[in-house]
Amino acid sequence: MAKTEPDLDSYTIRGTNEVVRPGDCVLMRTSDSRKPPSVALVENLEADHRNNVKVRVRWYYRPEESLGGRRPFHGRKELFLSDQYDVQSADTIRGKCIVHPFKNYVKRENVGAEDYFCRFWYHALTGGFTPDRVAVYCKCEMPNNPDVLMVRCEGCKDRFHPSCIGMTIEDINKLEHFLCPNCLSNNDAKRS
Numbered sequence: 011m012a013k014t015e016p017d018l019d020s021y022t023i024r025g026t027n028e029v030v031r032p033g034d035c036v037l038m039r040t041s042d043s044r045k046p047p048s049v050a051l052v053e054n055l056e057a058d059h060r061n062n063v064k065v066r067v068r069w070y071y072r073p074e075e076s077l078g079g080r081r082p083f084h085g086r087k088e089l090f091l092s093d094q095y096d097v098q099s100a101d102t103i104r105g106k107c108i109v110h111p112f113k114n115y116v117k118r119e120n121v122g123a124e125d126y127f128c129r130f131w132y133h134a135l136t137g138g139f140t141p142d143r144v145a146v147y148c149k150c151e152m153p154n155n156p157d158v159l160m161v162r163c164e165g166c167k168d169r170f171h172p173s174c175i176g177m178t179i180e181d182i183n184k185l186e187h188f189l190c191p192n193c194l195s196n197n198d199a200k201r202s
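Going by our numbering, the sequence shown opens with residue 11, and the numbers climb by one from there.
By construction, these hints were calculated from the structure, which means they are not laboratory data. Each hint should be verified, as a subset may be incorrect.
What the hints assert, rightly or not - Estimated spans, in silico, between C-beta atoms of each pair:
(1) L135 - R86: 24 to 34 Å
(2) P82 - R31: 30 to 40 Å
(3) G137 - G25: 14 to 24 Å
(4) N61 - E28: 16 to 26 Å
What the hints assert, rightly or not - Lysine-lysine pairs mimicking PhoX-like chemistry, simulated, CA-CA at most 25 Å apart:
(5) K184 - K149
(6) K117 - K64
(7) K113 - K87
Using N, Cα and C, we set each Cβ at its ideal position, and we do this for glycine too.
Put together the whole structure using the sequences plus the hints.
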């Protein structure tokens, strides 16, 4: 990189009023217009002596870009924070986005177009993840995918996909209280 001036506090995205600061997440143009924008965490902003602004970013990967590929439990808005850094022209920033921690994302009532979530760090060279294990739920023993409805049992507190317990979403919506098949049979046994 050319000799730079001190770090900048902010950068206004060209053609918008959106201001980017270190710590923000941004959508960046890709060379292939058919692909979705890349997502990055802004580490810092610098301007050279000609006032060209460069942005140092840490890349997020989409599941399909990782070594293992997309799995059934990956949500469609899921990203992995990687150990890959890069310096790009700030002109490649399309807009801002928000990458929520997974626990916060699943509590959101409304998910906007620029909302994403992250629950893993991705080590690009090895293809490994941190954490390397996550909680699993249901009879299928899959991690939570926030795009797929799960219902929580009031007895054991485990979560289940309606289809895994022979129910439909409509069946679930009609219930005032839900007990999974195991807790239901335990309740029936206690009554006998």
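Which earlier hints can't be squared with this structure? 3, 6
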